[in-house]
Amino acid sequence: MKSSLIKSTVIFLGLFFLYFPILVLIFYSFNENKRVMVWKGFSLRWYNELFNNEQIIEAFIISIKIAALSATFATILGVMIGYSLVRIRKIPFKSFYIFLSSTPLVLPELILGLSMLLFFINLNNVIGFPSSRGQLTIFISHVTFCIAFVAIIIQARLTDFNKNIEEAAMDLGYNYTKVLYKITLPIILPSIIAGWLLAFTISLDDLVVASFTTGPGANTLPIVVFSKVRLGLSPEVNALSAILMFALIIIGLFYFYFNKKFKH
Amino acid sequence: MKNKLFEKYFVFSPYFWLVLFFFIPLAIIFKISISVSEWGMPPYQDIFLFDNGFKINTTFENYVYIFSDYYYIGSFVNSLILALISTFFCLLIGFPLAFYIATSNIRLRNILLVLVVIPFWSSFLLRVYAWKIILQNNGILNVILLNLGITSEPLQLLYNQYAVIMGIVYTYLPLMILPLYGYLNKFDLNLIEASKDLGLNRIKTFFKVILPLSVPGIVAGSLLVFIPVVGEFIIPEMLGGSDRLYYGKILWEEFFVNRNWPGASALAFSGIIILVLPIVIFQILYSRWSQKNEI
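Sequence order for the protein chains is A and B.
Under the numbering used here, think of the first position of the first sequence as 1, with each following residue one higher.
Under the numbering used here, think of the first position of the second sequence as 1001, with each following residue one higher.
Honestly, the hints are just simulated from the structure, not real lab data.
Bear in mind that the values here come from a model prediction, so they are computed numbers and not experimental data.
Keep in mind that the hints are not guaranteed to be accurate.
[Unchecked claim] Stretches of chain A that chain B covers, calculated by requiring three or more beta carbons in the stretch to come under 8 angstroms of a beta carbon on chain B:
#, region
1, 10-19
2, 54-62
3, 93-106
4, 226-235
5, 241-254
Just so you know, even glycine gets a beta-carbon here, dropped at the ideal spot from N, CA and C.
So that you can see chain A by itself, here it is in the shape it has in the complex (with noise of 0.2 angstroms):
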């Protein structure tokens, strides 16, 4: 009995750790005061002065756009790795292969971006391509960061499958293509949605990389919120918070049914 008593503490209090800031920033996005600290009573105020606010609404909409494009290239090009490193055998050079699509997952995030924007400045004294950094050079830093963990999860998946499906399906005739768009995909679907969803939020939370490779008029949402809250506190940013807190758990959720739905 002592040691379930013990075991309980140490979960709940677990939990609180976990969630304790981000309750704390929810009920203060419900202050009606000016000053985040001081409280004056519940009020939507900082929510609508949000939905006002042309700044975070046009960086919303950026972010999400990018998000979008970059999480379906990614999930594109992870599936074919996730799918050539354990279905293929013959892949030419196969450790600088493995190399590449595993070091984006351990590179801290300032170098990624530092050697994107000094690729983007080189590739523009060569071909005159891009000739300003912008939304194209954020979207293709995120696919390339994003693809490691799609690739990750994909190739999960497929060690995890049984290979005499698609084995079955070729004695009945089918050939290589019709195996893989009839069987193998639609078979790991849920997981490939996982990864979607997973390169989504990353590129919808990132700010390191996403600083280095902007430039004029793409002002992704978390550089926005950065710079609103660098120095200080902003009652927008906290209304902003809930909403998206409350927005990329649901993401979350979501991201755990299909991730796990092939587990039963």
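Take the given structure of chain A and dock chain B to it, following the hints.
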């Protein structure tokens, strides 16, 4: 024959993308890090000169410059220490949590696991920002401390290295718990019973049975926390003060403030060599080894 074409398409599309947008940028960092710096735009000279016949124009001065100045080495060391301390605390909090989740009954286990990881999905920046609110001079923590009579005036909790550690442990905790849980979940709980039956007490069971079996999880979780924390920029920028300088901040300022591109590139490339390369090699070897031994 058609299969071949199709396989090539699958292998080479991502190959092409990653070589172009990942490998070449890394190579460019290396190139600039061995270039001679000068005033101008871009602020470095070409490494190949053709004006008076062909000449290779490289230098290791940027590396010498960094590794002979305490300002840079010190911040590198600060980051490593910060990463070590934060990883330790993540492990200290994460291990019991992961262990107790893994030993719960199966339905509760899944719910708890989702509950632990979900905060990780909400915005990183905003979770750090939340600590800025909590640690303010008139923030919740100070109010509690004042009311309990532990302190008579508000403590300066923000803008120092402790706030940075707090923020890091908070944001990276799920990254520690997940792999730990993955390994703890796999192992047979009867082992604990067996060791108790054989007369080992609780502490001995922990050190002789549970801990050795969870080493792979501890290694995986620690790496997931340690590496990004060394390069962490946002958390020290939001919660830290001027008492400690870290690698991320130095790299950022070397590039954006000092406009020393070769210096910043040398810093970045040193980071890759010291930090990332050993870990990637370790992972490739480890995955080969475990495939061979079918673990």
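Here is how each hint holds up against the structure:
Counting residues of the region 10-19 of chain A whose CB lies closer than 8 angstroms to any CB of chain B gives 7, so the stated coverage by that chain holds, three being the minimum. Coverage of the region 54-62 of chain A by chain B is violated in this model, with 0 residues showing a Cβ closer than 8 angstroms to a Cβ of that chain against a need of three. Coverage of a stretch by a chain is defined here by at least three residues with a beta carbon nearer than 8 angstroms to that chain's beta carbons; for the region 93-106 of chain A and chain B the count is 10, and the condition holds. Counting residues of the region 226-235 of chain A whose CB falls under 8 angstroms from any CB of chain B gives 4; the rule of at least 3 is met.
With a threshold of 8 angstroms between beta carbons, the proposed coverage of the region 241-254 of chain A by chain B holds, since 8 of its residues qualify and at least three are required.
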